[in-house]
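Take these sequences, add in the hints, and give me the full structure.
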Amino acid sequence: MVIIHTICLRVIRNAWHFHYALVLVIKVVCGGIGIALLTP
Numbered sequence: 001m002v003i004i005h006t007i008c009l010r011v012i013r014n015a016w017h018f019h020y021a022l023v024l025v026i027k028v029v030c031g032g033i034g035i036a037l038l039t040p
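Numbering of the sequence shown is given in my numbering, commencing with residue 1 and proceeding in unit increments.
There's no promise every hint is true.
[Stated by the list, open to error] Distance ranges between label pairs, derived from CB positions:
#, residue 1, residue 2, range
1, A36, I3, 45 to 53 Å
2, M1, A36, 26 to 34 Å
3, V2, L38, 34 to 42 Å
4, V2, I33, 45 to 53 Å
5, I4, P40, 35 to 43 Å
6, G31, I7, 30 to 38 Å
7, I3, G34, 44 to 52 Å
8, V2, L22, 35 to 43 Å
9, V28, C8, 46 to 54 Å
10, L38, M1, 35 to 43 Å
11, L37, V2, 50 to 58 Å
12, V2, G34, 45 to 53 Å
No lab work stands behind these hints: they were computed from the structure.
Ideal Cβ placement from N, Cα and C applies to all residues, glycine included.
Structure representation (structure tokens):
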């Protein structure tokens, strides 16, 4: 039971890190596109 709990926590933690990385990538890409569109 403890092992399953630990695995679940690890998966959740990895998912959170992945989520933050994904948001960061999206922000960078959108920011890059925004700058490209704003510069004539």
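Notebook entry, point to check: Hint by hint, which ones does the structure fall short of?
Noted result: 2, 3, 5, 8, 9, 10
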